[in-house]
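Undergrad: Residue numbers (numbering that gives the first Met the number 0), protein chains in the order written: chain B, 0 to 187; chain H, 0 to 136.
Calculated directly from the structure, the hints in this document are not laboratory data.
Honestly, I wouldn't trust all of these hints.
As the list claims (entries may be wrong) - Simulated pairs of lysine-lysine, DSS-like, Cα-Cα distance not exceeding 25 angstroms:
1. K66(H) x K83(H)
2. K163(B) x K119(B)
3. K117(B) x K163(B)
4. K163(B) x K122(B)
5. K83(H) x K119(B)
6. K83(H) x K117(B)
7. K163(B) x K124(B)
8. K72(H) x K163(B)
Unchecked claim - Covered stretches of chain B (chain H as the covering partner; in silico rule of three or more C-beta atoms under 8 angstroms from a C-beta of chain H):
9. 79-85
10. 93-103
11. 159-170
This structure is a prediction, so every number in the text was calculated from the model and none was measured.
Note that beta-carbon positions come from the ideal geometry of N, C-alpha and C, so glycine has one too.
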Amino acid sequence: MGIINRLLLLVYALCVSVSVLFLAGVFLHLIPEGMWQNELRYAVARPESLAVLAVVFLLGIHLMVAALSSGGKKDRREASGELVLSESGQGQVKVAVTAIRELSERSALAVTGVRDAKAKVEKQKEGSPISIALQLVLIQGASAPEVSGQAAQAVRGELAAALKLPDVPVNVLVSDISNAPVEQKRVV
Amino acid sequence: MENNNKEKVLPTKKETRLGSIRIADEVVSIIAGLAATELDGIAGMSAGLVGGIAEILGRKNFAKGVKVEVGEKEAAVDLYIIVKYGVRIPDVALAAQENVKQAIETMTGLSVVEVNVHVQGVGFPEEEEKEEEVRVR
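Based on the provided sequences and hints, a complete structural model is requested.
TA: Set out below in structure tokens:
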């Protein structure tokens, strides 16, 4: 859910919470009967009340649609499910795309200079069955060409060793540089 | 011949005179699961939602991560595994296929037509250490 929808959800949740609190006050007789009946008569008499109700209703519909939708445009090239590694008389060997993604991110994170790494596994039509789109956040002071080259090499090496998939194309995007301290274990 | 409990009748010489021998599908699953987890490169079996909830409730599930199709004389197996970090996945998968096939054929007499291996994830060393810490006080 994007940030705008989250803000709308916050507003909607506040409206619902206030309404529920008001109703609770009425049921528990905390709000005097005369008072809430006057307020209700005033609200019903105003045409703006209808507009507010319509806005809240439409907001609810919008948030329902956002919650049920698939979450934005999905890259058609992005692989999902499982990749068939081999097929023989004994049966098939398949690897989940999430496992490939974890391996790629792990091997990129092990490279000095990489603060964070996110990998996406993409289907290929020619050559290697997959390619990796690697998004890196580097530590301040790291050389972007050098570190991204090392990260790509590390990912390629890991996939060749673990999956016997040689020369998997790795496309690197350095998206950010961070100067936040990297947490390190001081004691074992 | 199969009854409602999905059990299988083994063709044996003593079948008609002394009764019948039946093996439940779940037994085949357990044999496959144990044969797979005893391999060094396999960190564990992938449970799925129901299996995971059963484990949280304290119920051991030796058939976790295994689906079997059992016929009169043959069986087909699907294994859902998590491998250890650093192993060669095709080699581990081949070893799993061979070990599971041998175990089922030896213990049940069924002929295993295929063992499909689905690698669902990779188990990393620090995740295993964290699990061990929880168990030891």
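Undergrad: Are the hints correct? Go through all of them and say.
TA: Hint check results:
no.	hint	result
1	K66(H) x K83(H)	holds, 21 angstroms
2	K163(B) x K119(B)	holds, 19 angstroms
3	K117(B) x K163(B)	holds, 22 angstroms
4	K163(B) x K122(B)	holds, 17 angstroms
5	K83(H) x K119(B)	holds, 21 angstroms
6	K83(H) x K117(B)	holds, 21 angstroms
7	K163(B) x K124(B)	holds, 19 angstroms
8	K72(H) x K163(B)	violated, 35 angstroms
9	79-85	holds (count 3)
10	93-103	holds (count 7)
11	159-170	holds (count 4)
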